[in-house]
Amino acid sequence: MNPMRVLSLLALLAVAVMGKPGSSRMDNTVSQALKPSQWLSGAALEAIPAADDLTVERLENMSLEKGAELLQQIYHLSQINHNVEPNFVPSASNIQVYVPKRNGEKIVAPLTEMIQRLKQKQNFADDEVTIIITGLPSTTETVKKANRKLVQAYMQRYNLQQQRQQGQGRDYDDSNEKKGQRTSSEENSSEESKNAKTQSGDIIVIDLGATLTNYKRYAMLDIEKTGAKIGKWIVQMVNELDMPYDTIHLIGQGVSAHVAGASAQEFTRLTGHKLRRVTGLDPSKIVAKTRHTLTGLARGDAEFVDAIHTSVYGMGTRVRSADADFYPNGPAAGVPGAENVIEATMRATRYFAESVRPGNERSFPAVPANSLQQYKQNDGFGKRAYMGIDAAHDIEGDYILQVNAKSPFGRNAPAQKQSSYHGVHQAWKNDNKDYE
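In this note's numbering, the protein residues as written are 77 to 512.
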């Protein structure tokens with residue numbers, strides 16, 4: 077962010093909040109509290125890096141607290157006059173798409189060419205289709221690993237029967253892990269696989285994150301125009317491949333969670349139908365907004381919309397974004413085990429990936445609550461829900477749950493259907509005494 081631009085914004089804010097002549101003592105107190113000098117010193121302002129220079133790598137090298145504080149400062153400064161409008165829309169030819177194949181290879185092509193490539197793939201879209209829109213460039217191991225885990229999980233989920241027959245149950249594990257060894261619940265055991273209920277399907281990864289090479293592009297992304305572009309592409313794919321639209325699950329990370337919502341809206345506008353599900357993995361704050369336009373992932377974008385918030389005061393947002401919003405360990409800058417804002421935001425992807433692994437679908441039981449304290453005090457309300465792939469499509473509201481600092485992240489509570497919060501939570505506490 078240009079320092080002079082920030083200074084001018086601060087000056088405008090100061091004028092706006094100083095209060096009018098004759099205002100009450102209470103008004104003056106509020107005005108003083110809202111003065112920029114009360115929450116950002118000149119030295120702190122000078123220390124804010126230019127948006128062009130703020131990258132995934134730079135944020136990953138900051139502590140969670142420092143990274144979250146910096147992003148909060150930049151966000152609030154950008155919202156002073158509500159006049160930061162989006163100006164970055166990647167061209168369809170610059171958005172790379174890939175489709176993982178069972179043999180470990182990928183079909184890779186720009187968005188403009190992928191449909192033609194898919195027409196050549198046998199039995200494509202005969203069953204469920206999951207479309208993942210990445211939200212950060214895979215320039216660090218944290219981002220790479222989270223995305224790899226999610227793709228691996230879906231490959232295992234969709235191709236379990238064939239993997240059993242060929243004895244390749246874990247061929248999609250990390251390259252730096254020995255094949256055939258289970259290291260966490262992200263690589264499920266053979267017993268879990270044996271009892272898992274899976275279905276076949278296909279994965280499409282739209283690597284939008286690769287175009288967001290710095291924070292400026294991330295912040296200035298035109299969510300509506302980019303989402304409309306992808307939405308039109310989905311309509312074209314459905315029409316040209318003669319595939320059912322109601323088997324599509326759209327997943328977006330960070331700012332791409334909002335792009336996914338806009339894509340689903342565009343699909344509905346063009347077809348009159350809603351996609352089956354949209355999932356937001358740590359939806360981001362929206363920095364650049366078109367005036368007089370409602371922007372961002374929201375309930376109603378699909379038949380069911382869910383969101384997992386893991387970096388509310390960092391890369392993410394505390395704003396309710398879905399029919400069901402899940403807050404692991406409650407609204408915070410990060411989650412247990414996350415040392416920086418990048419790791420915190422990508423934990424949403426890791427959690428979802430863990431739930432996709434056959435046998436782990438109900439590893440993340442949650443209950444309606446407004447805070448972690450309320451959750452811990454057995455003061456929540458309503459029925460248990462499951463964060464992740466097995467989230468029931470008829471749930472609504474805000475859900476809190478606790479997670480582990482390391483994989484397996486889910487607390488793995490019994491999956492029996494429960495009728496009330498108190499019975500559920502007591503059973504969970506009995507099963508997880510070591511974590512209290």
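Just so you know, the hints here were simulated from the structure itself, not pulled from any lab data.
Hints may contain errors.
To be verified - Ranges between beta-carbon positions, derived for each pair:
no., residue 1, residue 2, range
1, E181, T369, 22 to 28 Å
2, D466, L370, 43 to 49 Å
3, G348, A286, 19 to 25 Å
4, A119, S167, 39 to 45 Å
5, T366, G413, 48 to 54 Å
6, P412, K195, 27 to 33 Å
7, E181, A468, 31 to 37 Å
Beta carbons are placed, not taken as given, at the ideal position from N, Cα and C, and that holds for glycine.
Structure-based check of each hint:
no., hint, result
1, E181 x T369: 22 to 28 Å, "violated, 41 Å"
2, D466 x L370: 43 to 49 Å, "violated, 30 Å"
3, G348 x A286: 19 to 25 Å, "violated, 33 Å"
4, A119 x S167: 39 to 45 Å, "holds, 40 Å"
5, T366 x G413: 48 to 54 Å, "violated, 37 Å"
6, P412 x K195: 27 to 33 Å, "violated, 45 Å"
7, E181 x A468: 31 to 37 Å, "holds, 36 Å"
Going down the numbered hints, you'll see the structure goes against 1, 2, 3, 5 and 6, while the others check out.
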